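> Could you put together the complete structure from these sequences and hints?
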Amino acid sequence: MEPKSDATGRADAAIALRRRRWVALRRSLTEGGGFVFLMLLPALFVVGAVIGVPMLRAVEMSFNTINFRRPAMAGTYGFHNYGKLFEDPDTWSAVALSAIYMFGTVVGSVALALCAALLTRRIVRFRAFWRVVFLLPWTVPAVVTALVWGVMYDGNFGIINRLLDYVPFMTGANWLIDRQTAFPALIVAQIWNEFPVAYIFILAGLHAIPEELYEAARIDRARAIQQFWYITVPQLRFILAVVVVLLMIMGFKSFPIIYILTGGGPAGATETLTVLTFNTAFRGLDFSYAATLGILALAISVILVLSYLRLVARLQHERGGQ
Amino acid sequence: MRFAGKLSAALLAIGAVTGMTAPAAADDQLSFLVVDYDAPGMGDWWQLLVKNYESATGIDVDPRNTPARSYYERLLLEAASGTGADILTVNPNNIGELHAAEQLQPLNEWIERDGITGLLVDGATESLTIDGVTYALPITGRTLQLIYNACHFEEAGVEAVPTTPEEFLELAKNLTVKDDSGRVTRYGANMVNANEDPTYEMLLMWSIAHGGSFSDGDGNFTVDSQPVIDGLNFMKAVYDSGAIPQGMAETDLRALFATGGTAMTIDGQWQFPFIKSNNAENYDCYKSASHPWDGSATGGVNMALAVNANSENPEAAWEFIKMAVGQQMQSEFGNYSPYVPYGVNAMTDEQLAERPFLQPWLDSIGTAHPIFIPGHEDDFNQTWPIIVDAILLTLREGVPAEESLAQAQQRLVECCAN
Amino acid sequence: MSWSPGPVRGHWSALARVILLCVLGMAVLFPIYWMLVIAITPTGFSRSLPGILPQTVTFENFVSLFTERPMARWLVNSIIVAALASFLSLVFGTSCGYVLSKMKFRGAGLVMIGVLVTQMMPGTSIIVPLYILFRDLGLLDTMSGMVVGHISLVVPIAIWMSKGFFDRIPQDLEASARIDGCTRLGAYLYVSLPLAVPGLAAIFIYGFVTSWHDFLFAHSLVHSQQLWTAANGISSFRGQYFTLHELQMAAALVFALPVIIVFIVMQRWIVSGAMTGSVR
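Protein chains in written order, with our numbering: chain B, 1 to 322; chain G, 1001 to 1418; chain H, 2001 to 2280.
In case anyone wonders, no lab produced these hints; they're calculated from the structure.
Please read these numbers as outputs of a predicted model, since none were measured by experiment.
Note that beta-carbon positions come from the ideal geometry of N, C-alpha and C, so glycine has one too.
Some hints could be false.
What the hints assert, rightly or not - Pairwise CB distance ranges (calculated):
id	chain 1	residue 1	chain 2	residue 2	range
1	B	Leu-213	H	Ile-2179	23 to 29 Å
2	B	Tyr-166	G	Ala-1150	34 to 40 Å
3	H	Ser-2064	G	Lys-1051	22 to 28 Å
4	H	Leu-2257	B	Tyr-166	30 to 36 Å
5	B	Met-73	H	Val-2023	54 to 60 Å
See the structure below:
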């Protein structure tokens, strides 16, 4: 074989090197750390820029004094807003109300969604119809949900009271202005509006469970309740966990339904943390304290969600350990 | 690789989008925070104003149109982030707050220089003036007056309109219609009692009717005084009489009245255009009369224009306001808007003949009692929730008026005493 | 004599199921029915309806939505924004969820929690900084601003959900594909992604509806009426002096249609066996 000239050899080597580099680059982009980075980048960039940056600004605001009643105080930094959190009794009643609201909407929505999903899962006739039925409330914006439920709850002409006339032992009420009924009434409206979110994910989760598992169970003559408990629930657990977290966040942040229907009344009986935050900013004109309340809401939701996830993980662990 | 291509295209798109920066504001541009710029009537007048101003000065006006309901949040949001419009729409209830927040430019020098005072009715700028400095000029006015359904009156054999609170209550009971099962099918009157600021104005109104108000001449709160207690007790009597709907929002009460579900109300002149377009066949039934008590009505200036303290072009912004209160624009007002203008003799006889129902409002806007508590104009958004809490406590939970008002008085002193 | 309880019991339980389904369905549908009743009542008259049936029936509300209000324009805006935002969120979110599910790297847990935390701050307390940010980026009052904003609302849930769906795809499926010479990217695109389709459909629907409904961005960061989304338009019927319930309910019903169409199209993908079918 005739030896190549130096020049061509070098050129070949350069091409080979470039090629190797290109392969390595491609490799890293499709295989290793580069791949992970590329896959993560767009999502994290958008979330970080659009929500992350304003959140950091809000943290900064919470130490500042941006209060339109005291414009001269702007630029005064300190922990005063956090001190105020602990002095103000309204804050803690609002936190308690938010927590109850969250709990009520999560339990109600998941129960309703699970019922609906189990009932419509194997349905053959009118499948799309039934699925749309349980999705419909979600197509209604929260503002409209508030208004239509407000019309129905009305104590003067409301349809709910009229329908209750036909139900023995039930009397109507002026649902939204009575201290005892206002808060549950809000929770019901919220559940109606948001349970389809849970429905759709649970339905997708149910359909992803391999049918063979149920076939095997039927051969073993397992009862429906056993199938539910030993196949459905374990197979759904991650989706259920995520759905619950999602609903927890939605419930804790919920605003329009409460604000439009009761505005936090009667006499503060429905003033949740979000309503208090809104009032602090746009009625109290204290944007810094509103930011502080937002951070409190954030801290509480993080604690609730993390302890919930830990609980789920522990239960799973115990189940696995059996 | 196809996917990677798409991904990078998407990323590029976002990069391009986020990389753009806002254009700097030009000298020949004015921004104008305006409420319901596209509403028929009032919106047409605003549009005419902008058009006239643009052709007279060559300056472009950028109207920042905002729905009335979220207007104040919008104003605050823009102010808090330092992007407020050059010309702001304000009202007496928020002008104190905005002044305290250093958002408004004093107008006195310009008012004197350009001889504006004579153009407006007496007392027009009073509620827009703080410590002798005027911060805005009024454009529209409103008070609350009696509006009634004469056909319902006739049906019930009622001839005279009520002139005292007692007559109002008596009449409300008589005008209430029930079906066989005892359910009300038509209420005698409207009185707002939901958890919202109009409820506050109801108590203010009945307190004036009983000879008092929420503060004395020195700006000390008098919410626990006898006239206010009497006013609240009167509200309680109306509430318990079964003659008014309970817990309905103000906007719904209006729709109810406009469509014949209530026989009378104490409200603003905006009822009439709504009835005309939605309940035309019964439009002739609806009449207006003066409020049923001795003493002033509540209300006054509704929308006013102010110059942003941070405006880069304050002179041009002032010229805009000056044009709005000028004779030419004021004479056009009655052709468009259902409100009451503040220009001297702005409504011609022909315009008034077109809208005879406006008379009680024209008679009362100069002397109306402002809605905010005099001496506490910068605290309206703090004070009304306290008073509404007290009202609802008494109406809904039966707490004696003395007790709930004493509580309110204490909370007011704690939050807002001078 | 012996009889088999099986079929009889199955019969009764099927009937009970149908009855339960109908009761539940009616309860859920009632408010929608009531919206319809309000929507076909003349403007202003819905607050005093005496019974369960509409009094006077009119379709004027629906007509005036399109003749007197730019409802068509609002719908088009909403469709553009929601389609773009939900598609991009799906692309971004699933790629993120895949990596978090299938590849071990440091900080994965932190990423999961971190994206979730961004969703927990109430809108009212970040609205001022958000407004400042959008102004500085020139995104105020633009459609692209809304799309970017909506992506940030949907992506975190898309990540969590898709991780859940990818977790349930057996590791050995991918492993065999990799032995066949597939790259990671290839394994993702051609093996895992198709298997997760029921979940992806659910995520797409979630993203579409979230964007469709969003009020925070649409309401605070966009003010030109030509750029309003339908959610914005619908809430504008709640005016200063009157709430036009009848028009608003009509608008809400029209507003629901595109979502229902998306759902009907997408729900085919949420079908039993979509996953087991390909796991042979």
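> Let me make sure I understand: some of the numbered hints might not hold for this structure. Which ones are they, in numerical order?
When the structure is compared with the hints, none of them turns out to be violated.
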